[in-house]
Structures are given as structure tokens and as C-alpha cells.
Amino acid sequence: MRNDILVFAEHFRGTLNDITYELLGKGRELAQSLDSRLLVSLLGHEVGGLVERLGVADQVCLVDRPELKEFASDSTKAVLEAILADVQPRLVLLGSTSIGLELLGLISARKGIPCLDNCTRLESRDGKLVATCQIYGGKVFVEVALPEATTLVAVVPGSFPKEPGEVASKPELRNIALPPVLPEARTTFRKLLEPPSGDVDITKAPILVGVGRGIQNADNMSLAEELAAALSGVVCASRPVIDQGWLPLTRQVGKSGMTVKPKLYLALGISGAPEHLEGMKQSELIVAVNTDPNAPIFSVAHYGAVVDALELLPLLTEEVSNQVTKKASA
Amino acid sequence: MNIAVLAKQVPDLVEGLEIDPSGKALDVNYLRYILSESDDHALEQALLLKEKVGGRVEVFALNQGEARESLVAAIAKGADRAVLVDAGLDSPLNNHAAAQIFAGLLGGGLFDLILTGVRAIDDLDGSLGGLVAGSLDLPYAALIRKAEADGDGKTVIVQKEYPGGYAVELVVRLPAVLGIQAAEQPPRYVPISRLRQVMKTATVEEVSVAPPSQQPLDVTCLFKPEEGAGAVMISGGAQEAARQIMSLLSERRLLR
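Which chain is which? The protein sequence lines are V and F, in order.
Here the first sequence stands for residues 1 to 330, numbered as in the working numbering.
Here the second sequence stands for residues 331 to 586, numbered as in the working numbering.
Just so you know, the hints here were simulated from the structure itself, not pulled from any lab data.
Backbone N, C-alpha and C fix where the C-beta goes; we use that ideal spot for every residue, glycine too.
Be a bit skeptical, because a hint or two may be false.
[Said to hold, decoys possible] Sample of chain F residues lacking proximity to chain V, with all beta carbon distances greater than 10 angstroms (derived):
1) Y360
2) K380
3) V383
4) E388
5) D442
6) R518
7) R524
8) R526
9) Q527
10) A532
11) S538
[As the list claims (entries may be wrong)] Pairs of lysine-lysine, DSS-like flavour, derived with a Cα cap of 27 angstroms:
12) F:K354 x V:K128
13) F:K484 x V:K69
14) V:K128 x F:K554
Kindly generate the complete structure, drawing on both the sequences and the hints.
Dropping the structure here:
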């Protein structure tokens with residue numbers, strides 16, 4: 001058992017995802033403080049070209065096979081388990097993503113390896129690893145001392161900067177002994193579904209009026225639409241609003257939705273669960289309105305007000321309309 | 331198609347969360363429990379599948395919080411069987427322990443599909459679906475927003491979400507576990523009158539199981555985000571907030 005750190009690299013359509021660089025940057029920092037090595041697993045088909053983007057790692061466990069062309073948890077799990085057996089890392093870093101979520105539970109339960117999800121901070125204190133996870137919709141942080149044995153940790157995208165992980169140079173390849181035939185995949189890829197088109201692209205809108213659970217019902221959506229119209233902006237939403245069918249999927253900000261960086265993000269009645277924050281916290285100006293003073297949205301907002309979004313909406317629309325009219329007539 | 335739904339109780343975030351004197355757990359005296367939101371979607375997806383292809387929907391919940399009420403509501407919505415699982419423990423179980431219990435109850439090919447919400451707000455040690463699938467060595471697909479039975483009855487076709495609005499269509503061989511993000515339509519609503527009626531007649535079965543061998547994580551402390559950390563807070567009521575936000579936008583030349 002060594003102190004090595006292994007990052008599971010994710011890629012999509014020939015490009016490494018940001019989460020991979022974020023994990024690599026953090027992994028490098030931890031490996032340095034533990035005086036250990038940083039390894040990265042790269043699984044897929046015809047992905048050899050990505051190796052030189054992984055220069056921050058000491059070694060790359062590259063497994064390139066046709067069966068791995070599209071992600072399927074059965075085959076990926078089998079390969080990752082072989083890599084774990086060979087490397088015996090102290091810490092395995094995955095993204096708390098569509099892919100990472102499947103692997104985390106499957107491998108943890110099958111191999112009896114402890115695991116953590118929703119990690120947003122990770123540090124080494126006197127050789128001990130400490131992870132902080134944000135749960136209960138981001139309202140509580142839980143600090144966990146990691147065991148010395150191999151542990152799987154899934155990190156919320158956007159928790160660490162990606163720049164430290166972006167080092168272009170050719171790292172050493174590590175050969176992994178694999179079974180000649182991977183187990184037959186019980187989940188098979190059929191087709192990629194492109195994002196729905198024909199709606200406004202919220203990633204290009206400079207002003208976004210974001211609404212969450214605080215909007216309460218479908219009828220109140222018009223209040224947000226009116227404010228957006230006054231601001232020449234676009235309405236978007238957190239997951240609960242989308243799942244209720246009050247706005248189409250194209251307007252979803254956060255995990256499995258869009259990542260937006262507008263000039264202004266008005267967060268109205270959004271508490272700020274980590275899966276929403278990962279999609280909007282890089283906005284240039286964030287103004288948050290929520291009745292709960294402890295709402296995690298205020299931790300990423302630049303300005304905040306503890307008021308009811310439903311009460312504020314018509315008042316703000318009126319203020320903005322008056323000002324815009326004044327400007328137009330000036 | 332025989333479908334099991336795992337329904338988990340989680341703290342209602344509308345109530346304030348308090349940390350207990352040990353500093354390592356939530357104070358349960360202040361907690362009110364509700365059905366985990368994505369489990370409600372899992373139940374809805376199960377009922378939609380049953381309506382299309384027939385079969386049974388059985389709902390399982392650990393005896394915690396308002397689990398019995400959630401099970402009655404599930405029957406009112408159309409579930410065929412509701413099972414309250416008691417492990418004789420007072421404190422909430424982590425997902426590894428819960429998965430161990432459910433794997434014991436649901437293994438052996440009893441079900442074609444096991445559906446559960448892809449995440450719960452208290453998932454610290456991974457999400458339940460993946461752990462159950464791993465324990466039973468079943469295929470698992472997470473972040474599912476649509477599931478349809480295939481003609482042959484041996485597979486389901488699902489849509490799995492990816493970042494940026496992408497999704498993939500997968501064929502999943504049964505039996506399998508799916509982590510549901512959202513049902514094809516919002517969870518159905520049960521009128522109170524119907525709920526009252528079902529409460530009188532419905533049977534919630536009770537099953538006792540041996541307490542699982544928990545391997546707790548070494549939690550050193552819990553803490554809350556600092557109030558308004560980082561944000562400049564605007565005081566006063568809604569009118570004042572509206573005025574100040576407007577002048578802020580005006581200053582930053584964000585008004586057209």
C-alpha cells in the first residue's frame with residue numbers, strides 16, 4: 001500500500017472534461033504533501049492523443065480498447081478495478097458526475113472500498129487526508145477524516161481550479177494487466193441525444209433571471225418573465241423548477257444542465273445546492289434573494305437580500321421599468 | 331414487469347437544520363422528514379412503466395421519519411405493495427448499511443427493475459442505487475430521465491443525462507437498478523380525500539431485519555456555511571431591496 005493518488009479522467013467527444021483538470025490539480029497538491037505519486041487512468045477508444053494533456057501526472061494508465069468507445073459502467077468498472085488492484089492507491093478521485101456517480105457506488109459496494117460523495121474541499125493535514133462534503137442541499141458541511149486504506153472520493157465539479165491541472169507534457173505510460181476479454185456490458189450505448197434546440201441559448205445571454213423552488217408554482221413564472229423582459233434578459237432555473245415542467249430543459253443551470261457565466265445572474269428563490277452552484281458561480285455579478293439567511297447561494301453571491309423572491313419580483317420589475325423608461329426619454 | 335422502488339426519508343430543508351452537541355451529527359429533535367424528492371420521481375417512473383406494460387410496483391422504505399405516511403401515499407398513487415423495513419435502530423443508517431439491507435430483501439431475481447432516486451440530499455457515502463447494484467452485482471445506470479420497456483421484456487431503454495444538456499440512450503439488460511433523476515412527467519398528486527380513504531384500508535407490511543454491520547465514516551465535525559459569507563447583504567424589506575438592486579444594476583450599466 002502506497003500513498004499514491006489516482007484520478008479517473010473523464011472525456012467527452014475527444015476532449016478532457018474540466019473536472020479532470022480540477023482533480024489533477026488537487027491530486028498534484030496532495031501528492032506533493034504526501035510525498036507520493038499522481039497517476040491518472042484514461043479509458044476509451046482512440047484516446048491516445050489525450051495523454052499529452054495529462055502532463056501534470058507522473059503516470060498514465062491508458063487502456064484503449066474498442067469496447068470502451070462509449071462509457072458503459074460494466075466495462076469501465078472492470079478496467080478500473082484492475083487498475084486499483086495494480087496501483088493500490090490511497091485515494092481515488094472521481095467527478096461527482098453522470099459517470100462518476102455510477103462507478104462510485106458500484107465499485108465501493110463490490111470491492112468493500114469506502115467512498116464519499118459531494119466533496120467540495122480536500123486537504124492533507126500532517127499526512128492525514130481530510131475531505132469536506134456539502135450535503136443537505138449545501139446547507140451543512142461534513143468534515144471526514146479519510147481512512148488510510150484506499151478510499152473513493154467523488155468531487156463536485158467546479159470545486160477546485162483547473163489551471164494547476166493543465167500541464168502539457170508527455171507523462172510516462174503504465175502498463176496495466178487486464179483480462180483478455182472484458183465482461184459483457186449489460187448496459188449498451190445506443191445513441192447520443194443532442195441538447196434540444198430552437199430555444200434561446202442561456203449560455204450566451206448576458207443577463208439571466210434564475211428562479212428556484214421559491215417561485216412556488218407555475219403561475220408565478222410570469223413574474224420572472226416580466227422582470228426578464230424589463231432587463232432584456234432571459235429566465236433560467238434550477239433543477240426542481242425544470243422537473244416540475246415549468247420551464248424547458250434548455251433553461252436548466254447546473255449539473256446536467258448548462259454552465260453559464262453571464263454579466264448578471266439574479267438568483268431568486270434559489271437556495272444554492274452544489275449541483276446548481278457548479279453551473280453559475282463563475283457569473284460576473286451574482287445577486288441572490290432568498291428568505292433563508294443560511295442559504296448557500298449567499299456564499300457565492302456578491303450581493304444578497306433576505307426577502308421573499310415573490311414579494312421582490314413585481315417591485316423590482318417596476319423599479320427597472322421606470323428607470324429604463326427614464327433613460328429612454330432622457 | 332415487477333418493479334421495486336426504494337423510498338428514502340430525508341430531512342425537510344424547509345425546517346432549519348441544527349447540529350447536535352457532539353458536533354458530529356444533526357440534532358434529530360429538530361428534524362421533520364419527507365420523502366426524498368428524486369425517490370418520488372422514481373415511484374412515478376415505476377407507475378408509468380406499470381401502466382404501459384403491466385406488472386407490479388412494490389415500494390420499500392426503512393422505518394424512519396414519516397416512512398409509513400409515504401408508503402400509504404404510494405399505495406394511493408397506485409403501488410401494489412408497501413413494505414416498512416425495520417432494522418431496530420434509532421439513528422439513521424448510512425447508505426452502505428441501507429444498501430446491505432435492501433440487497434438482502436431484493437436479491438434472488440424477485441424484481442426486473444429496482445428504481446430509486448439518483449441522489450438524496452443526505453448522501454455522504456455514495457448514492458443508494460449504485461451501492462445496491464454493486465452489492466447484487468446488477469447493472470446500474472444513473473441520472474435517468476426516461477425509461478421504456480423494450481418489446482422483448484428483457485431490456486429497458488433509458489435516457490441518461492450528461493452535462494451541457496446532452497443525454498445518451500442506453501439499452502439496459504434486466505434485472506437492473508436505475509437511479510432516477512426525473513420521471514417522464516412530474517410526480518402525480520394525490521388529493522387529501524383519496525389519501526384519507528386509503529389510510530383506512532391500505533395495509534403497510536412490516537418486515538424486521540437484522541441490524542446491518544455498519545462501517546461508519548470518521549466524521550470529525552459538521553458545520554454550516556457562514557451566514558451571507560462573501561456577499562454584501564442588503565438590509566430592509568423587499569421595497570428597499572428592489573431599490574438597491576436597481577441602483578446596483580444602474581451603476582454597473584446593466585440596464586438597457
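Hint by hint, here is what the structure shows:
1. Consistency note on F:Y360: stated as away from chain V, and its beta-carbon is indeed over 10 angstroms from all of that chain's, at 12 angstroms minimum.
2. The Cβ of F:K380 sits about 21 angstroms from the closest Cβ of chain V, beyond the 10 angstroms cut-off, so the non-interface label holds.
3. Every CB of chain V lies more than 10 angstroms from the CB of F:V383, the least distance being 19 angstroms, so the non-interface label holds.
4. Taking the minimum C-beta to C-beta distance to chain V, about 22 angstroms, the non-interface status of F:E388 holds against the 10 angstroms cut.
5. F:D442, annotated as away from the interface, keeps every beta carbon of chain V farther than 10 angstroms; the closest lies near 13 angstroms.
6. The beta carbon of F:R518 sits about 13 angstroms from the closest Cβ of chain V, which is more than 10 angstroms, so the claim that it is off the interface holds.
7. Against chain V, the non-interface label of F:R524 holds: every CB pair exceeds 10 angstroms, the least being about 21 angstroms.
8. Every CB of chain V lies more than 10 angstroms from the CB of F:R526, the least distance being 24 angstroms, so the non-interface label holds.
9. Against chain V, the non-interface label of F:Q527 holds: every CB pair exceeds 10 angstroms, the least being about 26 angstroms.
10. Every CB of chain V is more than 10 angstroms from the CB of F:A532 (nearest about 27 angstroms), matching its label as outside the interface.
11. At the 10 angstroms boundary, the C-beta of F:S538 stays outside the reach of chain V, the nearest C-beta of that chain being 23 angstroms off.
12. Straight-line distance between C-alpha atoms of F:K354 and V:K128 comes to about 19 angstroms, which keeps the hinted pair within the 27 angstroms bound.
13. Between F:K484 and V:K69 the alpha-carbon distance is near 24 angstroms, which keeps this suggested pair within the 27 angstroms criterion.
14. For the hint linking V:K128 to F:K554, the alpha-carbon distance of about 23 angstroms falls within 27 angstroms, and the restraint holds.
This entry satisfies every hint, going by the numbered hints stated previously.
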